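Asker: Here's the letter readout for the chains.
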Amino acid sequence: MPEQLGAAFGVDLSAAASFADWQDDVIRYDDIDMLNHVTHPAYVYLFQNGRLQFWQRRGAVPDLVAARITVDYLHSLTYPGTARTGTRILGFGRSSITLGQGMFDKDGRCAATLLAISVLTDRATGKSRPWPEELKQRMLNPQMPESETKGP
Amino acid sequence: MVDRLGTRFRADLTDPAIYSHWHRDVLRFGDLDPQEHVGHVNYGFIFQNARLAYWSTVGLEGADPAEGLIVVRLCMDYLADLRFPGAVRTGTRVLHVGTTSITVGAAMYDEDWTCVAIAEAVSVRSDPTSGKPRAWSQRQRAALEAACFDPELIR
Numbered sequence: 001m002p003e004q005l006g007a008a009f010g011v012d013l014s015a016a017a018s019f020a021d022w023q024d025d026v027i028r029y030d031d032i033d034m035l036n037h038v039t040h041p042a043y044v045y046l047f048q049n050g051r052l053q054f055w056q057r058r059g060a061v062p063d064l065v066a067a068r069i070t071v072d073y074l075h076s077l078t079y080p081g082t083a084r085t086g087t088r089i090l091g092f093g094r095s096s097i098t099l100g101q102g103m104f105d106k107d108g109r110c111a112a113t114l115l116a117i118s119v120l121t122d123r124a125t126g127k128s129r130p131w132p133e134e135l136k137q138r139m140l141n142p143q144m145p146e147s148e149t150k151g152p
Numbered sequence: 001m002v003d004r005l006g007t008r009f010r011a012d013l014t015d016p017a018i019y020s021h022w023h024r025d026v027l028r029f030g031d032l033d034p035q036e037h038v039g040h041v042n043y044g045f046i047f048q049n050a051r052l053a054y055w056s057t058v059g060l061e062g063a064d065p066a067e068g069l070i071v072v073r074l075c076m077d078y079l080a081d082l083r084f085p086g087a088v089r090t091g092t093r094v095l096h097v098g099t100t101s102i103t104v105g106a107a108m109y110d111e112d113w114t115c116v117a118i119a120e121a122v123s124v125r126s127d128p129t130s131g132k133p134r135a136w137s138q139r140q141r142a143a144l145e146a147a148c149f150d151p152e153l154i155r
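Protein sequences appear in the order of chains E and X. All residue numbers for the first sequence refer to the numbering used here, where the first residue is 1 and numbers rise by one. All residue numbers for the second sequence refer to the numbering used here, where the first residue is 1 and numbers rise by one.
None of these hints come from the bench; they were simulated from the model. Every value quoted in this text rests on a predicted model; they were computed, and no experiment measured them. Glycine included, C-beta positions come from ideal geometry on N, C-alpha and C. Please note: incorrect hints may appear among the correct ones.
[To be verified] Derived EDC-like pairs (lysine to aspartate or glutamate); straight-line CA-CA distance at most 20 Å: (1) K127/E x E36/X; (2) K127/E x D12/X; (3) K127/E x E152/X; (4) K106/E x D25/E; (5) K132/X x E67/X; (6) K106/E x D24/E; (7) K106/E x D21/E; (8) K136/E x D25/E; (9) K136/E x D63/E.
[To be verified] Where chain E lies over chain X, by a calculated footprint (3+ residues, C-beta under 8 Å): (10) 43–56; (11) 70–76.
Could you put the whole structure together from the sequences, leaning on the hints where they help?
Answerer: Here it is as structure tokens:
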């Protein structure tokens, strides 16, 4: 078995305690497959929503382009139901950012973990650009209301 | 920089010559994100569609719940964007056969044969009742190993 996705960063992405930033989602009928499980690519939609809300709460959605997405599927999610996604920053490169995420069902069981490497781009040229220090600090130091910081 | 997908199987997943199974998908308006590219999540659905078509060519009914194939890890590298309207072709092949698992590699190309993304997906054959992993049958194993990527064959 390959090592868990956050191991290189010393973070257990399958533990709710690793996250302070949460997004709630409702599973839809068209997310499911013939086994009545959420089909595996649909998890990536839910994770994406978690990341977008993560930026929104920091008051700026940076122009990021996905470079690599890796997902470990740990447990099935069923319809009807809900999912809670925790998101955190694992590291910055010159122009890249690595985020780690964990998705949990209503019983707090981890259904999947995700590692996303994205690149900050100049929207006009499509080329990568280095992180401005001010933007980086804003990503690291959110001003969040208390209600959005509680885990499952 | 992280290793390119496929490297540990000595496979250049961006090379169309390594694939013999192809699946065509047509892009949808609803695949687009606000930047008017196909959103990265939708690449995963297209890879899934191609993989499901591929299974039957190696003796598996991947869409049949009784087969119990479950994806346990999916990794995608995004190499270029996709614009609407258009179509894509996805090549898929076996990279590795484990006791209960299978790893496939795949690549997606636009209409000019630009490789837009590559993927590795690990699936496990599970018992549909208990959900526990179960070993491939001899027949399945033989078919999957015969389809397995062998760099010597490409030279």
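Asker: Against each hint, give a clear statement of whether it holds in the structure.
Answerer: Verification of the hints:
1. With a C-alpha separation of about 17 Å, the suggested pairing of K127/E with E36/X holds against the 20 Å cut-off.
2. Of the pairs offered as hints, the one joining K127/E and D12/X is violated, with about 25 Å between alpha carbons and a cut-off of 20 Å exceeded.
3. At roughly 37 Å between alpha-carbon atoms, K127/E and E152/X are farther apart than 20 Å, so this suggested pair is violated.
4. Using a Cα cut-off of 20 Å, the hinted pair K106/E and D25/E holds, with the two alpha carbons roughly 11 Å apart.
5. Of the supplied pair hints, the one linking K132/X and E67/X holds, its CA atoms being roughly 13 Å apart against a limit of 20 Å.
6. Between K106/E and D24/E the CA atoms are separated by roughly 10 Å; this keeps the pair inside 20 Å, and the hint holds.
7. For a cut-off of 20 Å, the pair hint linking K106/E to D21/E stands: about 16 Å separates their Cα positions.
8. With a CA separation close to 27 Å, the supplied pair K136/E and D25/E exceeds the 20 Å bound.
9. Restraint check: the Cα-Cα separation between K136/E and D63/E comes to about 13 Å, which is no more than 20 Å; the hinted pair holds.
10. Closer than 8 Å: that is the beta-carbon criterion, and the region 43–56 of chain X has 4 residues meeting it against chain E, so the requirement of 3 holds.
11. With a threshold of 8 Å between beta carbons, the proposed coverage of the region 70–76 of chain X by chain E holds, since 7 of its residues qualify and at least three are required.
Comparing the model with each numbered hint stated earlier shows that hints 2, 3 and 8 do not hold.
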